[in-house]
Amino acid sequence: GENVEQHPSTLSVQEGDSAVIKCTYSDSASNYFPWYKQELGKRPQLIIDIRSNVGEKKDQRIAVTLNKTAKHFSLHITETQPEDSAVYFCAASKGMNDMRFGAGTRLTVKP
Amino acid sequence: KAGVTQTPRYLIKTRGQQVTLSCSPISGHRSVSWYQQTPGQGLQFLFEYFSETQRNKGNFPGRFSGRQFSNSRSEMNVSTLELGDSALYLCASSDRTNQETQYFGPGTRLLVL
Numbered sequence: 106g107e108n109v110e111q112h113p114s115t116l117s118v119q120e121g122d123s124a125v126i127k128c129t130y131s132d133s134a135s136n137y138f139p140w141y142k143q144e145l146g147k148r149p150q151l152i153i154d155i156r157s158n159v160g161e162k163k164d165q166r167i168a169v170t171l172n173k174t175a176k177h178f179s180l181h182i183t184e185t186q187p188e189d190s191a192v193y194f195c196a197a198s199k200g201m202n203d204m205r206f207g208a209g210t211r212l213t214v215k216p
Numbered sequence: 002k003a004g005v006t007q008t009p010r011y012l013i014k015t016r017g018q019q020v021t022l023s024c025s026p027i028s029g030h031r032s033v034s035w036y037q038q039t040p041g042q043g044l045q046f047l048f049e050y051f052s053e054t055q056r057n058k059g060n061f062p063g064r065f066s067g068r069q070f071s072n073s074r075s076e077m078n079v080s081t082l083e084l085g086d087s088a089l090y091l092c093a094s095s096d097r098t099n100q101e102t103q104y105f106g107p108g109t110r111l112l113v114l
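Chain order of the listed sequences is Y and B. Following my numbering, the numbering of the first sequence begins with 106 at its first residue and continues without gaps. Following my numbering, the numbering of the second sequence begins with 2 at its first residue and continues without gaps.
Careful, some of the hints might be misleading.
Some residues of chain B that are not near chain Y, with every Cβ distance over 12 Å (derived) [claimed, not checked]: (1) Gln42; (2) Phe46; (3) Glu49; (4) Leu89; (5) Glu101.
Computed beta-carbon distance windows for the label pairs [as the list claims (entries may be wrong)]: (6) B/Arg68 <-> Y/Gly121: 44 to 52 Å; (7) B/Arg68 <-> Y/Asn108: 27 to 35 Å; (8) Y/Ala134 <-> B/Thr15: 25 to 33 Å.
Rather than coming from a laboratory, the hints here were simulated on the basis of the structure. Since the model is a prediction, treat every value here as computed from it, not as a measurement. Don't be surprised by glycine CBs; every beta carbon is placed ideally from N, CA and C.
Only chain B is shown next, with the shape it has when bound in the complex:
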């Protein structure tokens, strides 16, 4: 099976702009979780989608949102970008039916100038 893929891999934006990141899970996986990774904060949970519904949400402001499509692909959107949003954004998929094991994508590195 192909692994989790994320696009784009790198992105440069300026403050105030918005950005949309995409994640395609492993075939058959219906759960997609998003994480923000920064050097000082480790892996911070953003939200999780399952069957097109947000099931869990981390402690991030409303500028961070997401959605999931019927084919399980997920998008994450960040509006009104701030310098502190610069990070590696990772998505992870799991089949949720048996193991909670999450498989990570390569990430999208976002730089906000």
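Pulled out of the complex, with its shape left as it was, chain Y reads as follows:
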């Protein structure tokens, strides 16, 4: 089955800096790649997603890039703010809700 690896497991940045989280997947049939943000004590919330027919997608300070050949995708957060502090999960799916998650990255933004 699909295997998703996520790095780094923890990331600490200064407010205003950029943060990058990387994920790799094993199943070349995967075609949907969402990113979730989970704040302490809360449920995971979708923040951005990308499909395999797109190489990059941006939403304000958040962007995701996908390299199908290398089977990796990345989350980029620019101008980080303290409220960006959370655990971020990447996931990969080949449809029909066969979704597998990475282990998560704990992002800390220091003011």
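Once you've looked at the hints, dock chain B against the given chain Y.
Below, chain B without anything else, positioned relative to chain Y:
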């Protein structure tokens, strides 16, 4: 639309007991997936139900089972509880017809003593 709801929110059980957790999806969503979340293992996929049928199953022992009702509500059952079953159990719903986007419930935190 109301979001995904889960009951109970917290549960304490002892080893050997069984437990049933409930999940009500977003209205109109027919797919419900269950995940186990632990600090060291992240989000582990348990199973997915669509139209009352289990469509996918993760790598968990047979003590973990589930079902879905005609109104799309889903239940998850864990029999013969072990200490290692202590976790946050999340369910997520999607409409499956267009996007695979999953919307998570608040979770049920299970503590096994």
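Evaluated hints:
no., hint, verdict
1, Gln42, "7 Å, violated"
2, Phe46, "6 Å, violated"
3, Glu49, "5 Å, violated"
4, Leu89, "9 Å, violated"
5, Glu101, "5 Å, violated"
6, B/Arg68 <-> Y/Gly121: 44 to 52 Å, "49 Å, holds"
7, B/Arg68 <-> Y/Asn108: 27 to 35 Å, "28 Å, holds"
8, Y/Ala134 <-> B/Thr15: 25 to 33 Å, "43 Å, violated"
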